[in-house]
Amino acid sequence: MTALVFTGAAFFLSLCTGKYPLSLTVLFSGNEAALRVFQTLRLPRTVMALCAGFCLGCAGMVYQIIFQNPLASPDIIGVSSGASVGAASAILFFHASPAGITGWAFAGALSAVFLAFALTSLTGQKNLATMVLSGIAVNALAQSVLMMLKFTADPEKELASIEYWIMGSLGSITASKIPVPLIVSASGIFLLFFFCQKMLLLSLSDDEARTLGVPVTLLRLFLLSLATLVVAATVSVTGLISFIGLLAPHTARLLLKTNGRTTLFLSGLLGSALLLTADLIARSTATELPVSILTSVLGAPFLLWILFREGRT
Amino acid sequence: MKLEVTGFSAGYKKPIVSNVSFTLRSKTLTALLGPNGCGKTTLIKGLCHLIPSSGSCMLLPDNGHATYNLMQLSSRKLAQRISYIPQKSSLCASMPVLDAVLMGFQPFLPLLSRTGKSHRAAALSALETVGMQDFAAHDFCTLSEGQKQLCILARTLVQNTDILFLDEPDSALDYPNRNKILNILQNIVYDNNKVGLLILHDPCTALNHCNQLLLMKEGRLVGSVYPGQDSESVLSKALSRLYGPVQVFRQHNQFFLYPLQQ
Numbered sequence: 001m002t003a004l005v006f007t008g009a010a011f012f013l014s015l016c017t018g019k020y021p022l023s024l025t026v027l028f029s030g031n032e033a034a035l036r037v038f039q040t041l042r043l044p045r046t047v048m049a050l051c052a053g054f055c056l057g058c059a060g061m062v063y064q065i066i067f068q069n070p071l072a073s074p075d076i077i078g079v080s081s082g083a084s085v086g087a088a089s090a091i092l093f094f095h096a097s098p099a100g101i102t103g104w105a106f107a108g109a110l111s112a113v114f115l116a117f118a119l120t121s122l123t124g125q126k127n128l129a130t131m132v133l134s135g136i137a138v139n140a141l142a143q144s145v146l147m148m149l150k151f152t153a154d155p156e157k158e159l160a161s162i163e164y165w166i167m168g169s170l171g172s173i174t175a176s177k178i179p180v181p182l183i184v185s186a187s188g189i190f191l192l193f194f195f196c197q198k199m200l201l202l203s204l205s206d207d208e209a210r211t212l213g214v215p216v217t218l219l220r221l222f223l224l225s226l227a228t229l230v231v232a233a234t235v236s237v238t239g240l241i242s243f244i245g246l247l248a249p250h251t252a253r254l255l256l257k258t259n260g261r262t263t264l265f266l267s268g269l270l271g272s273a274l275l276l277t278a279d280l281i282a283r284s285t286a287t288e289l290p291v292s293i294l295t296s297v298l299g300a301p302f303l304l305w306i307l308f309r310e311g312r313t
Numbered sequence: 001m002k003l004e005v006t007g008f009s010a011g012y013k014k015p016i017v018s019n020v021s022f023t024l025r026s027k028t029l030t031a032l033l034g035p036n037g038c039g040k041t042t043l044i045k046g047l048c049h050l051i052p053s054s055g056s057c058m059l060l061p062d063n064g065h066a067t068y069n070l071m072q073l074s075s076r077k078l079a080q081r082i083s084y085i086p087q088k089s090s091l092c093a094s095m096p097v098l099d100a101v102l103m104g105f106q107p108f109l110p111l112l113s114r115t116g117k118s119h120r121a122a123a124l125s126a127l128e129t130v131g132m133q134d135f136a137a138h139d140f141c142t143l144s145e146g147q148k149q150l151c152i153l154a155r156t157l158v159q160n161t162d163i164l165f166l167d168e169p170d171s172a173l174d175y176p177n178r179n180k181i182l183n184i185l186q187n188i189v190y191d192n193n194k195v196g197l198l199i200l201h202d203p204c205t206a207l208n209h210c211n212q213l214l215l216m217k218e219g220r221l222v223g224s225v226y227p228g229q230d231s232e233s234v235l236s237k238a239l240s241r242l243y244g245p246v247q248v249f250r251q252h253n254q255f256f257l258y259p260l261q262q
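If you're matching them up, the sequences are chains A and B in order. The opening residue of the first sequence carries number 1 in the numbering used here; numbering runs sequentially from there. The opening residue of the second sequence carries number 1 in the numbering used here; numbering runs sequentially from there.
Here chain A stands alone, though its shape is the one from the complex (with noise of 0.2 angstroms):
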């Protein structure tokens, strides 16, 4: 059954990288120049979506277990609405090139997670639920100053940027925009992979797990710290993509029933495979559709037919 999942959801990879040519078949008939231009956008945004599901899909499952709650997602310490707020603050007051907006992206994520975990040890217990409330805190803070931009900006050019951005989309790679992130993530989730056995020793409770030895305070840090950088090098360069890293890694524990490095590969590929058959879908339609769109619209279905097939079983 394992197995099956595995290849189907390899199989899909596969399917979709290879759907490309196929999309090309109009470009055939066309100039060997066209046909190379579009490889080198085509290609580049395969791989993208690719890494990126595999990249959201993993930290994910991170989050999920980190925060013992199956429900958790990468939103739940201002990832997202962090990269949001250094995306807008880019497009107002910078004026920046994509590679700015990227780069301010990568900033606003990473300072608004870093201001949960200051927030969580300024209260002096740093236990989960410290944690989540320092993070709906700052969700709140970064929602607040996100709305404040969109109200002083343009409405007939910024704002409309700043929307574009926030619901996601992979129509702007190219192939220079992907090694840094790429590094970035890659590193990321190689250690993650590294030390998967250990953070199963935070779904212990914080007194069970010390008594084990475990230091549960900097472990948690440590892996937090790991999966918001993969998340921010894919979203400053992708923007926001919903639903993924709630979906992949939710779905691949309910199947595997496990948590392993086998469910956090799992938990990846369907990331992969939600993104790509996402991303095929927002370009094949007359105007590019933002790629988040069609992952909740894909993926929540998906979602309650396991649940209903589980239920059943």
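Calculated from the structure, these hints are not laboratory results. Take these hints with a grain of salt, some might be off.
[To be verified] Taking lysine to aspartate or glutamate pairs in the EDC-like style, the calculated list, with each CA pair at most 20 angstroms apart, reads: (1) B:Lys13 x A:Asp207; (2) B:Lys148 x A:Glu310; (3) B:Lys27 x B:Glu4; (4) A:Lys257 x B:Glu4; (5) B:Lys148 x A:Glu156; (6) A:Lys198 x B:Asp134; (7) B:Lys88 x A:Asp207; (8) A:Lys257 x B:Asp139; (9) B:Lys77 x A:Asp207; (10) B:Lys88 x A:Glu288.
[Stated by the list, open to error] What the simulated footprint calls covered on chain B by chain A, stretch by stretch (three residues with Cβ under 8 angstroms from a Cβ of chain A suffice, anywhere in the stretch; the number is not a length): (11) 78 to 92; (12) 98 to 108; (13) 217 to 227.
Since we're looking at a predicted model, the values are computed, not measured. Backbone N, C-alpha and C define an ideal beta-carbon position, used for all residues, glycine too.
Following the hints, put chain B in place on chain A, whose structure we already have.
This is chain B only, laid out in the frame that chain A set:
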């Protein structure tokens, strides 16, 4: 080996446990008895560094090695010496029972290592000791409370510390399993020269399975008796301090306890 606790107090803002002193010996199972809220769990959590505490807890090894104060150890070093079995395991993520038992190796694993084949073999043999080897691949979260308790005991076996603190290990278990777990604990402590301290609610269980009973009331130690040595009247008097007038008697090599009419 002896564990000497002197002048120990523990509590969050106000000390719940005040100035408690007692000695635990190896090959001895000690029961900690007392009414609800008297500070038994607080005492044990304090000794495990989970609650702010003061006082000393000296470990005096057998073979002439130096004594040292357990209160000064780091969390990880303490976990290599004391294992703590909570009343209920808090494990909330699905994983195979074997993986849950493997967590017992954590205090000894270097930061960058994972458990290997030999660890898995040891974990499986620990599961055999508690009779749960058939459940090794089952999801831990689907087990009953009693079965989970047995698996956590297996995890403690794997952790292989000299000192075991257990918080009501029998409360979730049915009658036969209750006897089973206490017999297992007796064997572990005798055969391996360990020190065991259990919080128990039932004085009969304590009398029948433990060599020493520590009686606690309102954060203080009000007595200490030895079922193997003390007479029935001494035991009755001591337990009456905790439970009101009770009478202990011995028949068929078993202790029984009943409340005296007012």
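query = Which of the numbered hints are not met once you compare them with the structure shown?
reply = 2, 4, 5, 6, 10, 13
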